[in-house]
Amino acid sequence: MKILDIGGVAVEGVYACVPAHEVDVVASLRPLVGDKAEGVVEATGIRFRRVAEAGTGAFDLCAAAAERLLPACAAKLGTSLGEYAQTFGAVVFVSFTERTRMPSAAARAQARLGLPKDVLALDLSLACSGWVSGLHLAALLARETGCRVLLLDGDVQSTRIGEGDSSTLPLLADGGTAAVVSPSRDAAPWRFAFLGDGEKGGVLRLDEGGTIAMDGFGVFKFVASEVSAFLKEFISAASESAFDAFVPHQANIYMVRQLAKSLGIAPERLWTSGERLGNLASASVPATIAACAPAALRAGRSLRLLASGFGGGLSASAALLSLGPGTCVEIFDYGR
Amino acid sequence: MDAEREFLDFAAALFGVDAAAVSLATAYGSIPEWDSVMQLRLVMEFEARYGVAVALEEVAEMTTLGKFFAKLGKGGT
Chain H
1 MKILDIGGVA VEGVYACVPA HEVDVVASLR PLVGDKAEGV VEATGIRFRR VAEAGTGAFD
61 LCAAAAERLL PACAAKLGTS LGEYAQTFGA VVFVSFTERT RMPSAAARAQ ARLGLPKDVL
121 ALDLSLACSG WVSGLHLAAL LARETGCRVL LLDGDVQSTR IGEGDSSTLP LLADGGTAAV
181 VSPSRDAAPW RFAFLGDGEK GGVLRLDEGG TIAMDGFGVF KFVASEVSAF LKEFISAASE
241 SAFDAFVPHQ ANIYMVRQLA KSLGIAPERL WTSGERLGNL ASASVPATIA ACAPAALRAG
301 RSLRLLASGF GGGLSASAAL LSLGPGTCVE IFDYGR
Chain R
337 MDAEREFLDF AAALFGVDAA AVSLATAYGS IPEWDSVMQL RLVMEFEARY GVAVALEEVA
397 EMTTLGKFFA KLGKGGT
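So the sequence lines, in the order shown, correspond to chains H and R. Residues in the first sequence are numbered consecutively from 1, following the working numbering. Residues in the second sequence are numbered consecutively from 337, following the working numbering.
Among the hints, a few may not be true.
Claimed, not checked - Ranges of calculated distance between the beta carbons of each label pair, as one might list FRET restraints: (1) R:Glu-393 <-> H:Glu-275: 39 to 45 Å; (2) H:Arg-269 <-> R:Ser-366: 24 to 30 Å; (3) H:Pro-189 <-> R:Ile-367: 49 to 55 Å; (4) H:Arg-185 <-> R:Glu-383: 29 to 35 Å; (5) H:Lys-76 <-> R:Val-353: 57 to 63 Å; (6) H:Lys-76 <-> R:Glu-383: 45 to 51 Å.
Hints listed in this document are in silico derivations from the structure and should not be mistaken for laboratory results. Each residue gets a CB set at the ideal place from its N, CA and C atoms; glycine is no exception.
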């Protein structure tokens, strides 16, 4: 395992924007599986999914999150939004479902948010492990440029669920997030590691028609064997007391509880949001931070988080990062 | 009722199939009802009914009803 340490960076804020429309999984599944719907929900732990209205894409949700995050960060620093926007050096956009490939979503974000024209703006096509990968790149860019980096991560998966697919329908949902990574001399170092197994890529993929195809048992086997071992090694390279909370990709709640248990992480240190949001692909990690961190940060202390994404690729990622007590965190409904 | 029959009846009821349709040789994917979600349900219901813990690493290996039954210490394949 390659352990990648990076110092001198901090998170100024993490905002999540989810569609206001909440779908009851049992009700939506009943036409497909009848009376077994309740049992499916008990097995996955996902009772509600947030689903975007027709015409709303990943970029829309991410941009909405950024449009609320940037003013909050500027206000915290006592500067104007215009001045704050000019301090950015890069925009990274992570998604595997964004509809418009050119112009890139990152370029559109630069224009919509009034960021400088000399930013490096790039899109990354990544699924479940993507936020941590994007965070690593954002950290490198923040340190390299000495400027803030905007990390956007979101997907609208609901339009890519195959008709009658009872394996993905109870899980996959929509959401967008925005995070600001900034240079910070005094910040505690972050640590990253990555895992990839492209030979198993067919287990979770977009088919030629753009529909998500998932071998659920294949994904579970990957998590149970390779991801579990990967995270055990990552944790042992740090120390058990090195983090306050475990923030996993919200693949399904049963799976992440089992994963936390196998890692020896107590239930109270496991953060989840998937029960009421669904599986938001890679955005599930920052959305869970946005949902769970406010209560923890109210105590006025810094938080050390173990964040991990896993799935499409197949791939996995892990990060130990810190949130300062002044970090802006919020989750809100799109259009409200 | 012997333990094996009782276990198979439990599994058949969970799958929603006739008891005669399953045996200890019944494997994951060999009947349409035993899909990836049912695997999780089977583990959860098995743990609750028999008071047996199934570790994450074991869940992916429990691919026949015989392997579940063997966890009860009563044989199986």
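Could you tell me which of the numbered hints above are not met by this structure, giving the numbers in increasing order?
1, 2 and 4
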